[in-house]
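**Student:** Below, each chain spelled out in residue letters.
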Amino acid sequence: GNSVTQMEGPVTLSEEAFLTINCTYTATGYPSLFWYVQYPGEGLQLLLKATKADDKGSNKGFEATYRKETTSFHLEKGSVQVSDSAVYFCALSDRTGNQFYFGTGTSLTVIP
Amino acid sequence: ETGVTQSPTHLIKTRGQQVTLRCSSQSGHNTVSWYQQALGQGPQFIFQYYREEENGRGNFPPRFSGLQFPNYSSELNVNALELDDSALYLCASSLGRLGMNTEAFFGQGTRLTVV
Chain A
76 GNSVTQMEGP
86 VTLSEEAFLT
96 INCTYTATGY
106 PSLFWYVQYP
116 GEGLQLLLKA
126 TKADDKGSNK
136 GFEATYRKET
146 TSFHLEKGSV
156 QVSDSAVYFC
166 ALSDRTGNQF
176 YFGTGTSLTV
186 IP
Chain B
50 ETGVTQSPTH
60 LIKTRGQQVT
70 LRCSSQSGHN
80 TVSWYQQALG
90 QGPQFIFQYY
100 REEENGRGNF
110 PPRFSGLQFP
120 NYSSELNVNA
130 LELDDSALYL
140 CASSLGRLGM
150 NTEAFFGQGT
160 RLTVV
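Chains as they are written, first to last, in my numbering: chain A, 76 to 187; chain B, 50 to 164.
Hints should not be assumed to be uniformly reliable.
[What the hints assert, rightly or not] For lysine to aspartate or glutamate, the following EDC-like pairs were computed, each having C-alpha atoms within a straight-line distance of at most 20 Å:
#, chain 1, residue 1, chain 2, residue 2
1, A, K143, A, E90
2, A, K124, A, E91
3, A, K131, A, E117
4, A, K143, A, D159
5, A, K152, A, E91
6, A, K127, B, E103
7, A, K124, B, E101
8, A, K127, A, E83
9, A, K135, A, D169
10, A, K135, B, D134
11, A, K131, B, E152
12, A, K127, A, E151
Just so you know, these hints were derived from the structure itself, not from any lab.
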């Protein structure tokens, strides 16, 4: 079956620190991989995606590389800001295309 | 900016009651999916509607049902509410199935509390 496992939080970092949130997946076939972000009181927003092995998704300074050999899609940012405080969800969609499989989310708090 | 709107934003119901949640999809999108997000958890897929037909269902009992209308808006109905149904219910719209070039846009959700 399909599933996503991501690093448990909460994560607290100082401003300008380096961020890594680990994500690994199990899937049949070749899924597309996503990172979504959820700010307090809001729905999910797409942060970045990658649709095939070795693709790198990037947006707003965040990056993640689709690693088929390690079935991973780790999220990184070189220098976090207070405004990055949110919950981050790793997700996959398989080739049926009718649903996302989400991880449990990682809460990030960035302190000045 | 997402054009997916959900109503109501918050709702309190009593155990055993029925509830209807509504979702207006982004203009031009013909596919709507519903997710349940329990506190501290990731969203769980309930079902998807594509051009008014159910197109996939997650591991939810039949008391969770839905509709999609000709304008592609959608309803989620839950009968015989249980305390564990308390969650944030998210609607996502897309143009066709999720895939390499299809992005899903999420609404802000409806917070349902069952007491």
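**Student:** The structure should be examined with respect to each hint, and the outcome stated for every one.
**Tutor:** These are the hints, each one checked on the structure:
For the given pair, K143 of chain A sits about 32 Å from E90 of chain A by alpha-carbon distance, which is inconsistent with the 20 Å threshold. Between K124 of chain A and E91 of chain A, the direct Cα distance comes to roughly 24 Å. Violation of the 20 Å bound is thereby established for this hinted pair. The suggested pairing of K131 of chain A with E117 of chain A is violated, with an alpha-carbon distance near 26 Å, which exceeds 20 Å. Distance hint between K143 of chain A and D159 of chain A is unfulfilled; the C-alpha atoms sit about 28 Å from each other, more than 20 Å.
Restraint check: the Cα-Cα separation between K152 of chain A and E91 of chain A comes to about 9 Å, which is no more than 20 Å; the hinted pair holds. Between K127 of chain A and E103 of chain B the CA atoms are separated by roughly 28 Å; this puts the pair beyond 20 Å, and the hint is violated. For a cut-off of 20 Å, the pair hint linking K124 of chain A to E101 of chain B is broken: about 28 Å separates their Cα positions. Restraint check: the Cα-Cα separation between K127 of chain A and E83 of chain A comes to about 25 Å, which exceeds 20 Å; the hinted pair is violated.
Under the criterion of a C-alpha separation no larger than 20 Å, the hint pairing K135 of chain A with D169 of chain A is inconsistent with the structure, at around 26 Å. This hinted pair does not check out: K135 of chain A and D134 of chain B have alpha carbons roughly 35 Å apart, beyond 20 Å. For the proposed pair K131 of chain A and E152 of chain B, the alpha carbon gap of about 17 Å is at most 20 Å, so the pair holds. Annotation: proposed proximity of K127 of chain A to E151 of chain A holds, straight-line Cα distance about 18 Å (limit 20 Å).
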